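Novice: Using the hints, position chain B against chain A.
Residue numbers (the working numbering), protein chains in the order written: chain A, 1 to 210; chain B, 211 to 420.
Any given hint could be a false lead.
Facing chain A, a subset of chain B residues (Cβ under 7 Å, in silico) [unchecked claim]:
no. : residue
1   : L220
2   : P228
3   : F240
These are computed hints drawn from the structure, not numbers from a lab. Please read all numbers here as calculations on a predicted model, not as lab measurements. Backbone N, C-alpha and C define an ideal beta-carbon position, used for all residues, glycine too.
There are 2 protein chains.
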Amino acid sequence: MFFPSSIQNLINQFNKLPGIGIKTAEKFVFYLLKQPKGKLKEFNLAFEELEKKIIKCSLCFNFTEINNFNKDGFNFCSICADSQRDKSILCVIAEPQDLLTIEKTNEYHGLYHILNGVINTIKEIGPERLKIKELIQRIRNSQSSTPVKEIILAFNPDIEGETTILYLTKIFKPSKIKITRLARGLPMGSELEYADEITLTNALKNRQNL
Amino acid sequence: MFFPSSIQNLINQFNKLPGIGIKTAEKFVFYLLKQPKGKLKEFNLAFEELEKKIIKCSLCFNFTEINNFNKDGFNFCSICADSQRDKSILCVIAEPQDLLTIEKTNEYHGLYHILNGVINTIKEIGPERLKIKELIQRIRNSQSSTPVKEIILAFNPDIEGETTILYLTKIFKPSKIKITRLARGLPMGSELEYADEITLTNALKNRQNL
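Just chain A, same shape as in the assembly (with noise of 0.2 Å):
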């Protein structure tokens, strides 16, 4: 009201974002203002690049670009269209950004399966609103070329994380397909003294041999 509608509106629009309040949404934009124009066109062209041409990848749903590696009208994103990947693993995750964490580990070298969330039956998210049956295919389809061994189930460790493990894992049990998940336990750095039960139950499950 005080200020032009396209103002107010790219506030409305901060506004939205996860954990911005309007007073940061109105710094942010204000912010934007006092940069040269450059900038703020630097801005507007990396939005217009996302919306034209980010696409999901064919085989496992992480983030690709339009025509990155189109193989017969499909497109791959770079670890998948990667010869050097193990394409025997996969690590099953719950959003893409799980992939850049595991990746920056630099321990891992399989393929990732992108589920597009967990089972959730608070939010009622349901199976059928998960990438399985792409799974399911996608594990199928392997036995022709270079069979998948290994499904590494890499959750949050939290009821939902579990429960997803739980569906998956009944599903695949009957295949001979090695069924992993990651180490409870405890982190790197923390103290004994200040860990909770369920963490200290699980590392003392898991204790390894030496």
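Specialist: Showing chain B alone in chain A's frame:
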């Protein structure tokens, strides 16, 4: 590196906003990517509009849209173009956000003049980098139509604000224009016990008759 460059680009852009680290920037971009495509387009459009339409008011340097209230090639903001506002009072402020804050009180009905900052010797912002020349010219020009009778100096009560007040008072003191500043004293809801000495000194010095 693990994500397409268009995702990385937008993360970098968000990362430049004040107080936004790389993790939060990532959260924003993945949040946006999870929204239906229309939402992303909305955000993009808001950006585009801001970039294309926003200019500064030729009179007070508030933000306004191109061809908003055009007079003889000048662009006026909605406040400067409002004939209901009292043209004889001028409130001098540092930033456009301050205008919003003052307007919200519904107590002020004059015009504004935005300096685009305050004098800051540490950051080497001298008076020549502020819209002070324009302020002097504006007051001089006003003599031919509605002369400015009062200048309210509304800056933050800190060293930079006080310096700017001193500087402007020196300039305008020789003229017959009344110069005022925002009252200093105890803020509403505060406790006497916790008031700092300068605030309390000001509250005592400027005590009001009942």
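Novice: Evaluate each hint against the coordinates.
Specialist: Hint check:
no.	hint	verdict
1	L220	holds (4 Å)
2	P228	holds (5 Å)
3	F240	holds (5 Å)
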